[in-house]
Amino acid sequence: MTGFEGFPEDRIRQDRERRRRLARLPVEEKIRILVELQELAASIARSRGRPVRRPWPRPDAS
Amino acid sequence: MRQAIEVLNGMVEEGKLRSYAIGGGVAATFYMEPVLTYDLDVFLLLPPAEGILVDLTALYRDLGDRGFPAEHEHVLIGGLPVQLIPAYNPLIEEAVLQAVELAFEDAMVRVVRPEHLLAIMVQTGRPKDRHRVALFLEQADWDRDRLMDILRRHGLEDRFRGSGGGGAS
Numbered sequence: 001m002t003g004f005e006g007f008p009e010d011r012i013r014q015d016r017e018r019r020r021r022l023a024r025l026p027v028e029e030k031i032r033i034l035v036e037l038q039e040l041a042a043s044i045a046r047s048r049g050r051p052v053r054r055p056w057p058r059p060d061a062s
Numbered sequence: 001m002r003q004a005i006e007v008l009n010g011m012v013e014e015g016k017l018r019s020y021a022i023g024g025g026v027a028a029t030f031y032m033e034p035v036l037t038y039d040l041d042v043f044l045l046l047p048p049a050e051g052i053l054v055d056l057t058a059l060y061r062d063l064g065d066r067g068f069p070a071e072h073e074h075v076l077i078g079g080l081p082v083q084l085i086p087a088y089n090p091l092i093e094e095a096v097l098q099a100v101e102l103a104f105e106d107a108m109v110r111v112v113r114p115e116h117l118l119a120i121m122v123q124t125g126r127p128k129d130r131h132r133v134a135l136f137l138e139q140a141d142w143d144r145d146r147l148m149d150i151l152r153r154h155g156l157e158d159r160f161r162g163s164g165g166g167g168a169s
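Residue numbers (my numbering), protein chains in the order written: chain A, 1 to 62; chain B, 1 to 169.
A couple of the hints might just be wrong.
What the hints assert, rightly or not - Here are the in silico distance ranges between beta carbons for each label pair:
| id | chain 1 | residue 1 | chain 2 | residue 2 | range |
| --- | --- | --- | --- | --- | --- |
| 1 | B | 145 | A | 13 | 39 to 47 Å |
| 2 | A | 14 | B | 14 | 35 to 43 Å |
| 3 | B | 145 | A | 14 | 14 to 22 Å |
| 4 | B | 135 | A | 50 | 23 to 31 Å |
| 5 | B | 107 | A | 16 | 48 to 56 Å |
| 6 | A | 29 | B | 60 | 29 to 37 Å |
| 7 | A | 45 | B | 71 | 39 to 47 Å |
| 8 | B | 14 | A | 48 | 38 to 46 Å |
| 9 | B | 62 | A | 13 | 27 to 35 Å |
| 10 | B | 15 | A | 49 | 42 to 50 Å |
| 11 | A | 50 | B | 103 | 21 to 29 Å |
What the hints assert, rightly or not - To spell it out: a stretch of chain B is covered by chain A in this simulated footprint if at least three of its residues, at any positions, have a beta carbon under 8 Å from a beta carbon of chain A; those stretches are:
| id | stretch |
| --- | --- |
| 12 | 10-24 |
| 13 | 150-163 |
Hints were generated in silico from the structure; no laboratory data involved.
Bear in mind that the values here come from a model prediction, so they are computed numbers and not experimental data.
Ideal Cβ placement from N, Cα and C applies to all residues, glycine included.
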């Protein structure tokens with residue numbers, strides 16, 4: 001069976017469950033993940049020669 | 001982020017702010033999966049002032065004197081770009097007044113309620129807000145009656161349906 005845009009339905013379900021698990025994490029952990037996302041985005045922007053937005057300091061570094 | 005929270009709470013204690021509430025992507029992150037954002041958006045209620053224009057000059061000067069410089073439209077606190085946004089309409093004002101106090105590390109922080117956050121996303125209506133509404137409805141704990149009451153009172157019901165929230169339960 002396939003769902004949205006040809007993605008297998010179980011893959012969509014797993015992704016939804018992963019997102020819900022993330023939503024239930026303690027907010028401090030979610031902010032750590034947010035900073036990791038910012039660092040990842042900065043790394044991608046840098047490799048493409050795009051303007052880089054400065055990531056926040058890592059929470060454990062402040 | 002902890003330092004920014006301490007600074008905001010201190011400004012309320014000192015009477016420089018009537019109240020504040022975290023909004024935007026960071027507020028959303030309290031309730032749903034982490035969303036990529038770079039600003040800490042803070043809605044403000046300022047003490048009563050003479051005149052009708054909102055003037056943040058004294059606030060920025062005070063923060064600058066304490067080592068938190070202005071950078072473009074932000075103030076840098078502990079390395080975080082904090083955007084200070086005076087409540088600019090009745091919905092935002094209500095969202096600040098009815099914000100909840102949540103724990104972050106060992107500090108308490110005022111955060112816009114999930115239902116007000118949804119209503120603000122619907123009102124703002126940028127593509128990223130519309131995308132966030134769909135994820136928020138699915139992941140966050142929110143109260144349908146409270147949300148519908150806010151949407152009705154602020155004339156946002158049609159926009160909410162248009163943003164894909166019509167089937168929300």
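Checked hints:
1. For the hinted restraint 39 to 47 Å between residue 145 of chain B and residue 13 of chain A, the CB-CB distance of approximately 29 Å leaves it violated.
2. Under the hint 35 to 43 Å, the C-beta atoms of residue 14 of chain A and residue 14 of chain B, about 49 Å apart, miss the expected range.
3. Restraint check, residue 145 of chain B to residue 14 of chain A: a C-beta distance of roughly 32 Å breaks the suggested window 14 to 22 Å.
4. Distance hint check for residue 135 of chain B and residue 50 of chain A: the Cβ-Cβ separation is about 25 Å, which falls inside the suggested range of 23 to 31 Å.
5. In this structure the hint that residue 107 of chain B and residue 16 of chain A lie 48 to 56 Å apart at CB is violated, the actual value being about 32 Å.
6. In this structure the supplied range 29 to 37 Å holds for residue 29 of chain A paired with residue 60 of chain B, their Cβ-Cβ distance being about 33 Å.
7. Distance hint check for residue 45 of chain A and residue 71 of chain B: the Cβ-Cβ separation is about 19 Å, which falls outside the suggested range of 39 to 47 Å.
8. Look at residue 14 of chain B against residue 48 of chain A: about 45 Å separates their beta carbons, and that is inside 38 to 46 Å.
9. Distance hint check: the CB atoms of residue 62 of chain B and residue 13 of chain A are about 51 Å apart, inconsistent with the given range 27 to 35 Å.
10. In this structure the supplied range 42 to 50 Å holds for residue 15 of chain B paired with residue 49 of chain A, their Cβ-Cβ distance being about 48 Å.
11. Distance hint check: the CB atoms of residue 50 of chain A and residue 103 of chain B are about 37 Å apart, inconsistent with the given range 21 to 29 Å.
12. Interface restraint, the stretch 10-24 of chain B with chain A: violated (0 residues with C-beta to C-beta distance below 8 Å; minimum three).
13. Given as covered by chain A, the stretch 150-163 of chain B fails the check, having 0 residues with a CB less than 8 Å from a CB of that chain where 3 are the minimum.
This entry does not satisfy hints 1, 2, 3, 5, 7, 9, 11, 12, 13, going by the numbered hints stated previously.
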